[in-house]
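Colleague: Residue numbers (full-length UniProt numbering), protein chains in the order written: chain E, 1 to 294; chain L, 1 to 294; chain P, 1 to 294; chain W, 1 to 294; chain X, 1 to 294; chain U, 1 to 294.
Hints should not be assumed to be uniformly reliable.
Since the list can't tell identical chains apart, any single copy or any two copies may satisfy a pair.
Unchecked claim - In silico lysine-lysine, DSBU-like type, Cα no more than 30 angstroms apart, as pairs:
1. Lys203 <-> Lys171
2. Lys55 <-> Lys207
3. Lys171 <-> Lys207
4. Lys171 <-> Lys6
5. Lys6 <-> Lys55
6. Lys55 <-> Lys171
7. Lys207 <-> Lys6
Derived by calculation from the structure, the hints in this document are not laboratory data.
Protein chains: 6
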Amino acid sequence: MFVHNKQLQYTVRVATPNPGLANLMLEQFGGAQGELAAAMRYFTQGLAEDDAGRKDLLMDIATEELSHLEIIGSIIGMLNKGAKGQMAEGVEEEADLYRSLTDNGNDSHITSLLYGGGTPLINSGGVPWTSAYIDTIGEPTADLRSNIAAEARAKIVYERLINVTDDPGIKDALIFLMTREIAHQKSFEKALHSIQPNFPQGKLPGKAEYANIYYDLSQGEENIRGPWNEGAEWQFVDHPQPAVDGGDGRATVQLADRDFQVVQQMASRTLSNPLSNPVTGADLGSDIANQQHH
Amino acid sequence: MFVHNKQLQYTVRVATPNPGLANLMLEQFGGAQGELAAAMRYFTQGLAEDDAGRKDLLMDIATEELSHLEIIGSIIGMLNKGAKGQMAEGVEEEADLYRSLTDNGNDSHITSLLYGGGTPLINSGGVPWTSAYIDTIGEPTADLRSNIAAEARAKIVYERLINVTDDPGIKDALIFLMTREIAHQKSFEKALHSIQPNFPQGKLPGKAEYANIYYDLSQGEENIRGPWNEGAEWQFVDHPQPAVDGGDGRATVQLADRDFQVVQQMASRTLSNPLSNPVTGADLGSDIANQQHH
Amino acid sequence: MFVHNKQLQYTVRVATPNPGLANLMLEQFGGAQGELAAAMRYFTQGLAEDDAGRKDLLMDIATEELSHLEIIGSIIGMLNKGAKGQMAEGVEEEADLYRSLTDNGNDSHITSLLYGGGTPLINSGGVPWTSAYIDTIGEPTADLRSNIAAEARAKIVYERLINVTDDPGIKDALIFLMTREIAHQKSFEKALHSIQPNFPQGKLPGKAEYANIYYDLSQGEENIRGPWNEGAEWQFVDHPQPAVDGGDGRATVQLADRDFQVVQQMASRTLSNPLSNPVTGADLGSDIANQQHH
Amino acid sequence: MFVHNKQLQYTVRVATPNPGLANLMLEQFGGAQGELAAAMRYFTQGLAEDDAGRKDLLMDIATEELSHLEIIGSIIGMLNKGAKGQMAEGVEEEADLYRSLTDNGNDSHITSLLYGGGTPLINSGGVPWTSAYIDTIGEPTADLRSNIAAEARAKIVYERLINVTDDPGIKDALIFLMTREIAHQKSFEKALHSIQPNFPQGKLPGKAEYANIYYDLSQGEENIRGPWNEGAEWQFVDHPQPAVDGGDGRATVQLADRDFQVVQQMASRTLSNPLSNPVTGADLGSDIANQQHH
Amino acid sequence: MFVHNKQLQYTVRVATPNPGLANLMLEQFGGAQGELAAAMRYFTQGLAEDDAGRKDLLMDIATEELSHLEIIGSIIGMLNKGAKGQMAEGVEEEADLYRSLTDNGNDSHITSLLYGGGTPLINSGGVPWTSAYIDTIGEPTADLRSNIAAEARAKIVYERLINVTDDPGIKDALIFLMTREIAHQKSFEKALHSIQPNFPQGKLPGKAEYANIYYDLSQGEENIRGPWNEGAEWQFVDHPQPAVDGGDGRATVQLADRDFQVVQQMASRTLSNPLSNPVTGADLGSDIANQQHH
Amino acid sequence: MFVHNKQLQYTVRVATPNPGLANLMLEQFGGAQGELAAAMRYFTQGLAEDDAGRKDLLMDIATEELSHLEIIGSIIGMLNKGAKGQMAEGVEEEADLYRSLTDNGNDSHITSLLYGGGTPLINSGGVPWTSAYIDTIGEPTADLRSNIAAEARAKIVYERLINVTDDPGIKDALIFLMTREIAHQKSFEKALHSIQPNFPQGKLPGKAEYANIYYDLSQGEENIRGPWNEGAEWQFVDHPQPAVDGGDGRATVQLADRDFQVVQQMASRTLSNPLSNPVTGADLGSDIANQQHH
């Protein structure tokens, strides 16, 4: 069960409203790497996790991400103060209104003010949040790797947001949020390492003869190699050929008996026509047919 | 530039058509962890990558994933052989047609036969592929972590698909594909480690006082801890409080002068009414208003 | 700030796993009327709400809906117990596996097991959750009406889910959840009525001459009227005509000077051709052109 | 059956082309609260409605909303006059073209000109229209509540659009459209009240012990109450506890016999390995494993 | 302006309810090739069309497609008669309810009954309708080609639907709808041919040296040629090479002065650090870093 | 199998970075008419095509479109050079950064830099690519018509992009790409004509009595006719009436016996109530009910 405290996890101090900046901040509210995505990622994993320790970890961090969602949403709300009213009131001349609304930032926020009035769950480009952003697969070591990567990406977006504002209060809150992503990333790394072995994830091992091959499929003059394809453990295939299994490289199906019969039926029978006055291309579309034939 | 070879990278042998199974295979064709997602993930990263070695790595694997997309698509095409014709022809009784089409698997494939006729870029539930599945962020170490996780997830989906079929030819091809994901995952791990330091990714460090804290936000009787929140490097906060910055935990904005004026204007002025015969709730909606007031 | 308690708001007792039923329950987890939609609807409204009382109301209910999301997700997790493992292991014959997975319910859940392994944020048809489900507009009386309607719809979906299961523990939890929707609906009704006047919502009144008209635009023999279009307050227009404003019913634009010049320029000038060897339909596509002309 | 009249329901007079403004108007063409959403909402309800009077009401208003869609689309078309041609022709210098196109409004319309050339079914932020905007549930009193709310929201968006333009002809047409939403809202209110009882909607009543409780889940210093949670009819729960049913607040499943056997099987058996040369994390990923273990 | 007639354009006679079949019919209601897509395709083109004759053509057919949407929606409504009530009432045993609902067809319709109760704007797989299905580009000859293709596809889907039902009344109505698509396709062909020249569409001609080349990019043993790449008008390139422009086949940018300065700045300066206590990978993530370095 | 060559098919020369222009170019990278849509359209058709010649054609062109995707993506990458770094570094003052980023073009690219860092698969408005753009239906003559139309649309978008830039190197590459669309369109035309008859596509002919009718459903003063509805082959219906089949224009279902029983059951029985303390609108919502009744 969740409980809410009216105080934010981190105090939000905004120097001055700035709807253009509000819009950029939406990236971490309703964007792909945003706090809702993070919260729902860990929450859904936590629900399905059987291990009590990891379940607890996931619920702890899911709850914190919800609290972060509240912080970033509060920043957006403060940055939009006034702008919402201006749009509702039309207190200025048309040109002035646009200028005041589009100052400093991209202008998708006009859309967000038009239809949401403040803090809609969209990204900075106006795209609605979708759970397609969440890549939970239901296998702990795969999911922990996904979580590590998700925290890494979120850290980068916060870094970019910190760089597009001069407001010290916002910068301060964003640095807190960014730092927490680093801490979460570290927790997930630790949790992954605590499961041994964790590679390859899942139950089926790979097939040995294909597991150490590197296919050099992008060809040309320069061929800069690195630890990802050179050294004793790699078999580097210079000019990869198709049909590595030794087959003919085709896709074939051995038709079952029943299907052969269907095919034969099709060849021999006349379609029992469901139409009273059949019209064919020959008479109906003669004009077009003629144009297109010769 | 891409070039195509009419032979597949791996020979596809399907024992017998099975449209229900075809549908499940769509998960790796047009699904979130499927081969298009993989190919486009690495291809878009490769386009923006400045490092020649990593660019090459990304293009090599992107190209292989396109070749895998072709393999899995060919399996689906073979499994649908006959079924497409049956739907087009209506050669059987209605009930028989359904039975033959829904045998062994979930029946979303009827939709795919209805509107796509074979190999649409949808997942096994019929959902169209979206680039929202791709989480490229444009920072190498974050993206490599995303790639490692993506390969881990794809490996799991292949494992599940291997488990839902008895067809030896399909099993064989899927094991090849699964093994290649393992190899790719290993390459991306190596590439990540070759960048040092790689944590935290990006340019801004975190703020020290929040970087080692673990907030125990999910509370209750059991509290099972692990390396993700215990040990010297962690500061475990038992009952986290709001406003960790020492502020008041509120969101406030210091209104700029201009905005104060706007607010005052709003208070004092009368809206220059753009309507000829203004109608208010009082007269227009009196009936409803009455119903709702008392 | 949010805090989580490891105990659920309502105890979940599932008699036996049933992945088909789990899938139907997804409708209230990741569906349009589900608990995430409810929680995010009130949470985003609460963030932007200036009135302290209504902000509190919205946050109270948003928090409860998150707790409901956890309940319904826990039911789904329990119903999928075993099924997830079976898909991962392939312990049964292919046909048996399908039978056990598709028993009692629709089979989109195979997809959810394939790619999510348990509790993905999708609806019962496999469609990812989208914030397009949330219709917050940022005006309190409009939003409260939206909330009343949303609770009404959620109540109906719970009713349908209660009717598709015989499991007493699930029925019991669903009745709790359904009842809470009724309570929330009542709270939102009260909050709407506490704002007076609340109709028409917003600041601009309507134009009197069009506010009481009912246009009978669907015509035919039967014309059953009711309080929505009959009585003293309605002006019933039997055969509505276009151009009710008395104009000509056309769309016209009075081109500004600058645009007239552009049009004249277009007529007189020769396009400065950016191509070295221009190819036109006449020579390039002669074959097709001929086919298509006569 | 529908019939179309070439005259618009309301005459559209546009003073001067303004592609930026055209773009904002898209909100009511292809946006969430726009006229297509309205028309399809009532049309789909009308198709499924059994009551002849309400069916007629729904079809009357659906038809009017289609006529409104035509009005707003015509405004957009007029506002884009010239701009479409300029983009097609490239008659100006690059910088001038941008300036002329982005004047007065947000610039997503460049996208709409690029790919749609005028009146695409997108919102003012470029997001394609989706039927996820329509929340019809198939129960009359719930749907009528949804309709009341939808009209309330649409009224607000029209109000905002009226405020962002100075063009008197456009203002005039928008006021007509806004007023009609008010009239429709009133009709739907009347229709809802004509069904008695209408609360709670559906067939199942709620469970008495949970129907009048208000859970104060958002806690903190201020606690401003109102008619939504105070008074004789409410039971206000100050510090809500989990497991309100008196259970243990856990999610449990009583595994059926068959599943117990599966679990036992899993524990005892050796997976019949489908691979010829199994490769495990131990040998394949030894390098990575080592890095990750210690 | 639109007007509606309560009679359908074509009488709908359904022999017996069949919710599974209803679901398949959704493909032409809310699917990619369905009647809403058709109606909106022509309607949006008509709004932006300047030529009075073609505008009329587009509005005539748009209006007919709306009437078809009503026909197919009515079929779906009739096929769902009873099923909606059964789900609402739970009048049968759980297993019986499922059996009765899933009989004859795919079972996504359970979802549509759950959340829509009858005729939602989704395809037969449950995917919400999106205007991404509409490919209007705002150039008459391109759009007419799109319309011809759209009618061709719709004709095929109707053909498949006719083949999956034995109900004579439904078959009859579907054949009417299918035939009308043929008629529309013919009208659009005629309209396209009436614009001369119509190839290449638009204003810019192609560049002669690349307009008649056929690149044989898919290579292998078999090379079956046809009129699409053989004959005097084609220049068949057997082994296509990159950089056909004679350049170096690389992507380069000549950095403007300002950017060079930025790059130099980056190299020389020290980031003015916005953090009080900077934490780097070296101290913060030392544990992880160590694990990952060696 | 695919192979990649590190050289592009066409050399990309960009004069100077311009992130605003980069954003517009996204339309052909991740937009509806872009190169990914083209490549996937032909690739999926090729996989399912049985005719060896057409399969080869489709794979040849699919492969070329992938090479075009690489060209357009490389242009975008070059245009974003520097901008990505500026956002990551925050080297300029806030206002300067915005100005430099939003210069010349629409500003959705700030979003693409924020979350993608360069070349995300989105359109110029920031909308993620979706396979809903692909309209493959699995019938060769319908699909070839779709391909012809798709090439026609892509040609127009390239034309518009050529017109919005003055950069000679970009113009040059775009003209190459545009010309190749013309060549592909011609190939698909030839392939369509090589299948005879090709109209109407599919197997079922239309019904003669409805195939030559033109319904004049958009009525009003002007009625400009053309070859699409006049001449001997058309039967022009001036004032179309409903129920063209001679029926009653209603939708009816002949309820099967079983359903009649269900209806009777509903009427007579008392719902076996699953609730312990049933609460109805009468007591629970009395307050609201009262407000709404009178």
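Colleague: Against each hint, give a clear statement of whether it holds in the structure.
Modeller: How the hints compare with the structure:
When the C-alpha separation of lysine 203 and lysine 171 is checked against a cutoff of 30 angstroms, the pair qualifies only between copies, where the shortest distance is 15 angstroms, while the shortest distance within a copy is 45 angstroms. Taking identical chains as interchangeable, the C-alpha atoms of lysine 55 and lysine 207 lie at most 30 angstroms apart only when they sit on different chains, with a minimum of 27 angstroms there against 33 angstroms within one chain. In this homomeric assembly, lysine 171 and lysine 207 come within 30 angstroms of each other (Cα to Cα) only across copies, at 12 angstroms, whereas the closest approach inside a single copy is 50 angstroms. Taking the shortest alpha-carbon separations for lysine 171 and lysine 6, only the intra-copy value of 22 angstroms comes in at or below 30 angstroms, while the best inter-copy value is 34 angstroms.
Proximity of lysine 6 to lysine 55 under the C-alpha cut-off of 30 angstroms is found in both arrangements, the shortest distances being 26 angstroms within a copy and 10 angstroms between copies. Taking the shortest alpha-carbon separations for lysine 55 and lysine 171, only the inter-copy value of 26 angstroms comes in at or below 30 angstroms, while the best intra-copy value is 32 angstroms. Only between protomers do lysine 207 and lysine 6 lie at most 30 angstroms apart by alpha-carbon distance; the minimum there is 25 angstroms, versus 55 angstroms within a single protomer.
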